[in-house]
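J.: Here's the letter readout for the chains.
Protein chains: 2
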Amino acid sequence: MTQGLQDWIDAFGTALERGDIAAATALFHPDAHWRDLLSFTWNIRTVCGQAAIADMLAGTLANAAPRGWHMAGLPEHDGDRQSAWLGFATAAAQCTCRVTLRDGRATVLFTAIADLTDHPEALGPTRPPGVAHRAVRGRQTWTEAREVRRARLGRQDQPHVVIIGGGQGGIALAARLKSLGVPALIIERNPKAGDSWRNRYRSLVLHDPVWYDHMPYLPFPPNWPVFCPKDKMGDWLESYVQAMDLDIWLSSTVTAARWTGAGWQVDIRRPDGTVTLTPAELVFATGAYGPPRAIDWPGADQFAGTLIHSSAYQDGRAHAGRRAVVVGAASSAHDVAADLWEAGAHVTLIQRSATCVVRSQTLMDMGFDLYSEQALARGIDTDRADLIAAATPYALFTAGQRDLYARIRVRDADFYARLAASGFLLDFGEDDSGLMMKALRTASGYYIDVGASELIASGQIGVIAGQGVALVERDGLVLEDGRKVAADLVVACTGYQSMHRAVAAIVSDDAAEAIGPCWGLGSGVRGDPGPWRGELRNMWSPTAIRNLWFHGGNLALSRFYSRHVALQIKARMEGIPTPVWGGPDQRGA
Amino acid sequence: MTQGLQDWIDAFGTALERGDIAAATALFHPDAHWRDLLSFTWNIRTVCGQAAIADMLAGTLANAAPRGWHMAGLPEHDGDRQSAWLGFATAAAQCTCRVTLRDGRATVLFTAIADLTDHPEALGPTRPPGVAHRAVRGRQTWTEAREVRRARLGRQDQPHVVIIGGGQGGIALAARLKSLGVPALIIERNPKAGDSWRNRYRSLVLHDPVWYDHMPYLPFPPNWPVFCPKDKMGDWLESYVQAMDLDIWLSSTVTAARWTGAGWQVDIRRPDGTVTLTPAELVFATGAYGPPRAIDWPGADQFAGTLIHSSAYQDGRAHAGRRAVVVGAASSAHDVAADLWEAGAHVTLIQRSATCVVRSQTLMDMGFDLYSEQALARGIDTDRADLIAAATPYALFTAGQRDLYARIRVRDADFYARLAASGFLLDFGEDDSGLMMKALRTASGYYIDVGASELIASGQIGVIAGQGVALVERDGLVLEDGRKVAADLVVACTGYQSMHRAVAAIVSDDAAEAIGPCWGLGSGVRGDPGPWRGELRNMWSPTAIRNLWFHGGNLALSRFYSRHVALQIKARMEGIPTPVWGGPDQRGA
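Residue numbers (the working numbering), protein chains in the order written: chain A, 1 to 589; chain B, 1 to 589.
Errors might be hidden in some of the hints.
Any copy will do: because identical chains look the same in the list, a pair fits if it lies in one copy or spans two.
In silico SDA-like links for lysine to any residue, alpha-carbon gap of 25 Å or less [said to hold, decoys possible]: (1) LYS192 to THR14; (2) LYS192 to ARG150; (3) LYS178 to ASP115; (4) LYS192 to ASP245; (5) LYS484 to ALA106; (6) LYS484 to GLU473; (7) LYS192 to ARG411; (8) LYS192 to GLN140; (9) LYS484 to GLN242; (10) LYS484 to PRO221; (11) LYS178 to GLU373; (12) LYS484 to ILE576; (13) LYS484 to GLY423; (14) LYS178 to LEU376; (15) LYS192 to THR143; (16) LYS178 to ARG149; (17) LYS178 to GLN242; (18) LYS178 to ALA114; (19) LYS178 to PRO209; (20) LYS178 to SER372; (21) LYS192 to ASP157.
By construction, these hints were calculated from the structure, which means they are not laboratory data.
None of these values were measured; they are calculated from a predicted model.
Only chain A is shown next, with the shape it has when bound in the complex:
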């Protein structure tokens, strides 16, 4: 069995070295998938089928010049499949690879850059010395050097990268860039790093468990809680910025950015005035979601009570005994409804369309096997888990998720029956692929149940389902079917715009339109139109606007893909050829 794997590796490596694309392609099944993170494509791309693989190789092989394919772990056997982790190198990088064979041909190949050969991260054996061990007259201490660096940054010295947004995305990226020696500056509108978490509603606790949420380089300690409260997360990010010695301008906003033909001019409003920076690269790390969707219900200005978007919701305690209506039925809506209920409000949820709900414990038991104490006990740490997760192309992941949710629905049949009996509309996506696929396709329409579903099932939170808001009156909402719902407080959990709309405000509408929406796989479901793309649109990879990048996502995505954004920027900074295959045509902003 292992011999077959070694034969495949030898044949594949030889074919690529000879430039024999036909021979290389023949080593794949007709329906094989190949996912590449930068190593061949300088892009994040998945191709499917021999023709597409041949096409990709034709466009990338000469520049990639891959060699030295070798097994980097023990082969694994699963039924008629065998898999292994491999290593190889391209002209520019050390790379990792996972191959799965069936009958001697590849069904899945995953290739990814690990490190730029001539520019490795300054980690472990290559970490900075911290001090020169000799006497030097008039030398600066570390503190003095840091003060000088900070004072000069943005004035005498320009950052190579400006990162808009100091949440987990921007911070993780800045840490990666720092360890690659790329000067980066985070612009954060709040007064403290971590405030993007602190500013959210009072009762927020991460819905993902700790093993999934580590930041790069500095994992949470083993006494960190499974589910991190939002202020604790904010404090962690603040400590992280200090520990990593990242450069961040706080209470500062990017007001405009212009492409000069050779780089960016970025206007920053600081508490002490306005500064124009001239970085080479501009990264939008303004949140996985873009700006809040405006509340555009007719009559909204006549409402006598309080009408706010969920992003402005803080605390239910002022609303005890009052009638609160939460419009929406995804994560924010559930959390806000539960917070209001806990505060003693009378809460009604207006659910327009169905929601995918899964119990937190169920997801922990069945959906986070790679990110758990059990995985750690098997030697799978977070970095390894990230690679294992990334090695499955989204098309195959979707199929696996359908299987998972079929099992979840059996396990939790009673839970779902009780919830449905309340009138709440449940779904598992148009193709029954469940919560994670909804997150990837539309970033909407799901809830990991951490308590609100029981309140709904038991009627303690009322539900009006299948109805949208038609208009707002002085004392409440009128729904599409004419029903009236009295309210003192309305929280519109109506979601966010695509991230690319943040570009409109800062660069131009034209640039935003050239880029098009972020996120989504092209799955063809509502909110994620086809054709199938197989990767998240515009995320972490070249966009239609030169030197403009999007970085974001939950903590796990921010952790993993920050590496790839940083490597792309570093390679360009060092003049490494980075021909992008399968990307959009690029132009200046």
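Starting from the structure of chain A, add chain B where the hints point.
T.: The following block gives chain B in isolation, referenced to the frame of chain A:
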């Protein structure tokens, strides 16, 4: 070979289970060492020889009731010796053990508590959940609960432990206690955690490398510099306190502590007034050294220039072009002299007695093999390295150090010849056992060369050796041989008192005298009088004063032994029988 090991384990386990001390003792060589950390003795004790082992077993076996001895790793072979890591359990604890056999009998045994069986640390699988996944009316958030806890602590709620001092020692201990569920409060006189590092002289950089310096639970990230600048260390400790959510009163000092017969009354001066706390346990974590030694040279009050102790030295830059005299020739003296030289002062070192100097790179190459990237690559992380280091009794460690320094003196013969040629007095301890043994015996008389030795060897820093200060005059010092040294600045690097003198100021002179000096092994060299004790006096183990503990040392010692101080306190808090063997008679303060 392995069979011999298994036979020994079986025989030893059986003998102990039968209470057959003679049979157990016969399994040791006549000159065997047994080092125990709490598991048998509820003390930190090393015994040597069959009679002492029998004596120790007679005093401890009934309470320890050890059982379940088993191999916990692969046996290792080294010449005619075989060693292995074992596991076992006592009545109270899960324990680790390392045994080394020669000819079928033990030459070295190391036993240590790892975890209290019924009270494991809340780590990994037993970490806190962070949130209850259900709706609860009126519940506190994490932030609110923390605020309430902090507001009540020291008023409505008493800490079980008061830790005097918020340096690495106090902070590491508080973190260990927290994960054991023991309420602890750190009292720190400075305004910020980490200030004990920040307040030191401007140019200070840790002389130990990063792999040796990790705090418990939260290792430095892999991009941390090899040698950490003091302010960066201060920032790290501050972040650590936040990340671990430790309770600390800043800008606060302990003015007095009284034993009531059942616990302590501890008076605290806070910025907002005075508070008396009533903890069960009191820990002095005021630094590996006690208070600075007073400068008692005759005529010191007549000096026209600046005369300070090294603990008050900050920055040489005000002394450019001036005559600076540094009295002393150990670590602080070298660092201060180099800092003054770098600032452009004319520096003379007054060296009274010989110093053990070793080049930093040499120590890195030859002395830190357990704490290095190479060790990590071999799978030896910091916790493992700590256990390996602890498994060697100090008597054997001393012998190993003599071998090491014999090799170091060959390797660096040129360096030592040049340094000696300058007139600088070199030594390697009375028995040639080198720097680390000086640190353990007297915590004085050594320097890890990070640059100052070259300045001395090249004459850029002057040396007057073999002379002490006789008296101070208006414009300089008069040495014992009558020579006069003109000075604008005198920095007295004359060391610190033993830690137990801090007890005198806070509890009573009487209590301090009952305890006696801290530190030192009883090696019989000057400053560390015999008889041989084989463990550091009064450190991390029961003292003559009930419920009074010392914790401290460099980062490595603070990290490792914080576990053992915390376990002793936790066991007592839970009512676990902890009869102390081989300790001092105890009384109330």
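J.: May I ask which of the numbered hints given earlier this structure violates, with the numbers listed in increasing order?
T.: When the structure is compared with the hints, numbers 1, 5, 7, 9, 10, 12 turn out to be violated.
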